[in-house]
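Chemist: Below, each chain spelled out in residue letters.
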Amino acid sequence: MLKRVLSVVSCLTAALCIFTACNGNTNAGTQGNAGNATVKEIRYLNFKPEIAEVYDEISAAYQEETGVRLIVETAASGTYESTLTARMATSDAPTIFQINGPIGYTSWAEYCADLKYTELYKHLTDKSLAITANGNVYGIPYVVEGYGIIYNAKVLDAYFALPEKATDYSSVDDIKSFAALKAVVEDMQKNKDKLGIDGVFAATSLKTGEDWRWQTHLMNIPLSIEFENKGIDLTGDGYKTIDFTYAENFKNIFDLYISNSTTDKKQLGTLDVTSSMAEFALGKCAMVQNGNWGASQILGVSGNTVAAEDIKFMPVYMGIEGEENIGICIGTENFICINAKASENEQKAAEDFLYWLFSSDTGKDFVVNKLGFIAPFDTFEASEVPDDPLAREVTRWMNMDNITNIPWNFTVFPSIHYKDNLGAALLKYAQGTMTWDQVKTLAVNEWKSEFGA
Amino acid sequence: MQKTLKKYFPIFALPTLAAFAVSFVVPFAMGVYLSFTEFKVVNSSEWVGLSNYIKIFTTDETFLHSLWLTVKFTFVSVISVNIIAFLLALLLTKGLKGTNLFRTVFFVPNLIGGIVLGHIWSLIINGILGIFGVDITYNPEYGFWGLVVLMNWQLIGYMMIIYIAGIQNIPDYLGEAAAIDGATPTQVLFHITIPMVMPSVTICTFLTLTNSFKLFDQNLALNGKSPETSLLALDIYKTFYDHTGLKLAQWHGMGQAKAVIFFLLVAVIAFIQLRATRQREVEH
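Which chain is which? The protein sequence lines are A and B, in order.
Residue 404 in the numbering used here sits at position 404 of the first sequence, and the numbers go up by one each step.
Residue 488 in the numbering used here sits at position 35 of the second sequence, and the numbers go up by one each step.
Among the hints, erroneous ones may be present.
Selected chain A positions facing chain B (Cβ under 7 Å, derived; list incomplete) [what the hints assert, rightly or not]:
no.: 1; residue: S82
no.: 2; residue: T85
no.: 3; residue: M88
no.: 4; residue: T106
no.: 5; residue: K266
no.: 6; residue: I416
no.: 7; residue: D420
no.: 8; residue: A424
Pulled a few chain A residues facing chain B out of the computed Cβ check, cut under 7 Å [claimed, not checked]:
no.: 9; residue: I103
no.: 10; residue: S107
no.: 11; residue: K207
no.: 12; residue: T208
no.: 13; residue: Q267
no.: 14; residue: G269
no.: 15; residue: T270
no.: 16; residue: S415
no.: 17; residue: H417
no.: 18; residue: L427
no.: 19; residue: Q431
Simulated from the structure, these hints should not be mistaken for lab results.
Backbone N, C-alpha and C fix where the C-beta goes; we use that ideal spot for every residue, glycine too.
Based on the provided sequences and hints, a complete structural model is requested.
Modeler: Put into structure tokens, the structure is as follows:
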């Protein structure tokens, strides 16, 4: 009897949960649509939870100006694809959503409307950034981001002023190659007590889900250079196999990271990005590889000892020829799309909203000052960039002469599965249970098998 | 009276039946249907027959591994949880001092959610392994046994309460009669206590078995997504969500097929187990 009661009770609870969840969702946006042909609302599935509240303000401002209601739903961190999968199947499917690049496009191709004739695309500064297929435009990048090695200029200056330093370099500008970086880093590690740090690099976080700085961002550099040297057109099929030509170079920098760090290399499997950023913020290390979104994770940490003007970017050097001319990695994995299965009116309303956001004074103010985006549209003046140290660094690197910044080609990485497996292999390499050759083989073979080539 | 009941039965039962249909029967039927298709979103799918089922047993690298790991894990934790819980129950029905306090203390871990537990144990285990300069990801065995410890810690308190209730239900005269006949405590345990708590054993093994087999959040929080330590539920989740791109629809179908097999396994195991322990129960 007890069993029966238990099973009935559990069924009922499950039923209740699902019921209440459904209700919560459907009620959200069905009001205000009564008997009017013009579109009164557009739905947007937001990718970035950290700025979800700003979209509420944007929504209020837009409704006040135009009367159109913008309903913003936000996917929790790391669940965008699953949320999108679920929402697309409902009658409240988002009108505006985003994809993460060419691979994301193949997942959602039949839902992406052609954006070639939209105002927004006309104002895109660098048309090559957009997602295109068969001459049509399906995704428009709306934010440009950059990553590299973030360093604390104060600690580096302290090192260069150190009487017992063993290298000849006297400023960050002298570090233009892996050899220089390695010499400086290793000497700094030796003098870490005098510099007041626990290690040069923040912990190389390799916990699953927290290892994207290595299996995605760091991996992007050797692969981007490989694609470029082989002349592979990323809109074609050429990227579906890789040789990982610069595996040794990846190993160079990875070894440098894990051997000159705050944390022993056998204990990296449970650390996350937030704790690495906190180490940097608290002045326990001098360098950390991350992107401009990390500025808030440095300046916003309580007990932060790093001044805004000391936070700078340098390129990730790994010993590839010609690297003195490469810059940091600048690109995007945020491409805005309009749902092709929405009605024509809704699609038009969505276009209007996006153009308003990235061109009107009110919209631009939100973009620059509240969302903190470096927007790639010519509607923005050179002075209209977010006021945080790393965003300014990204624009500084973008405008540097004789420097080629590396694009974000990890948008063609096959899947999360691939990245997770590569991350797991890197962890085992750090722990000493896998050789570098095995990591390289896995990186090449899994790439191929995920693409089914 | 009977007549009125009959008359109004549909009206009273309807809300429940409707809720049951909407939230269980329909999704379940859809789920089974989708396992024979390839789909990106659930309302547009393409029939592919049995190919998803064939793929998960032939080309998929992770399914059989996690199935075997889940079986091992379930086996170990069902035995350890039940033995320890039963021993604790015996101890805490002896009228020792502070019995109520101990019962509460042992029960409390059950009130903490899975993800939180996973993170707590991840801190503890990594703290200990840290002394040896490694962490839980160093060796899949560590992850496996860490999960067993976690599962025990979480379930023992709950099972203990069920066993205590069972033991307290044994009429005193049985023990007294046995004592008069000169039975040793061991004989009392094996010939009276254990047969008399068989209904509790049924419930407890059933609960531990299904809970261990379906373990998900603790697995994710403690072991991360490493393929070597992923149990079935986590493997299904990864199959469904961690593949993007051209073959997305196929991975979704395969994930769905895995879920159907998973359901069948849980149902069959639970059914066999219920039948087996039921036969050993005694009525009094």
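Chemist: All hints, please: hold or fail.
Modeler: Taking the hints in turn, this is what the structure says about them:
Interface restraint check: S82(A) against chain B, minimum CB-CB distance 5 Å, threshold 7 Å, status holds. Interface restraint check: T85(A) against chain B, minimum CB-CB distance 6 Å, threshold 7 Å, status holds. Proximity of M88(A) to chain B holds as hinted, the smallest CB-CB distance being about 4 Å (cut-off 7 Å). The interface hint given for T106(A) is met, as the beta carbon of that residue sits about 5 Å from the closest beta carbon of chain B, less than 7 Å.
The criterion of a C-beta within 7 Å of any C-beta in chain B is met by K266(A), whose closest approach is roughly 5 Å, and the hint holds. Here the hint on I416(A) is kept, as its CB sits about 4 Å from the closest CB of chain B, short of 7 Å. Checking D420(A) against chain B: minimum C-beta separation of about 5 Å stays under 7 Å; hint holds. Hint status for A424(A): holds, given a least beta-carbon distance of 5 Å to chain B, under 7 Å.
The interface hint given for I103(A) holds, since its Cβ lies 4 Å from the closest Cβ of chain B, which is under the 7 Å cut-off. Proximity of S107(A) to chain B holds as hinted, the smallest CB-CB distance being about 5 Å (cut-off 7 Å). Hint on K207(A) holds. Least Cβ distance to chain B is approximately 6 Å, under the 7 Å limit. Among the interface hints, the one on T208(A) holds; its C-beta lies about 3 Å from the nearest C-beta in chain B, closer than the 7 Å criterion.
Here the hint on Q267(A) is kept, as its CB sits about 5 Å from the closest CB of chain B, short of 7 Å. For G269(A), the interface hint holds, the least distance from its beta-carbon to any beta-carbon of chain B being 3 Å, beneath 7 Å. With its C-beta approaching chain B no nearer than about 5 Å, T270(A) sits inside the 7 Å limit, and its interface hint holds. Look at S415(A): its Cβ gets to within about 5 Å of chain B, closer than 7 Å, so that hint holds up.
Interface restraint check: H417(A) against chain B, minimum CB-CB distance 4 Å, threshold 7 Å, status holds. A least Cβ separation of about 6 Å between L427(A) and chain B falls short of the 7 Å threshold, and the interface hint therefore holds. A least Cβ separation of about 5 Å between Q431(A) and chain B falls short of the 7 Å threshold, and the interface hint therefore holds.
In the structure shown, no violation is registered for any of the earlier numbered hints.
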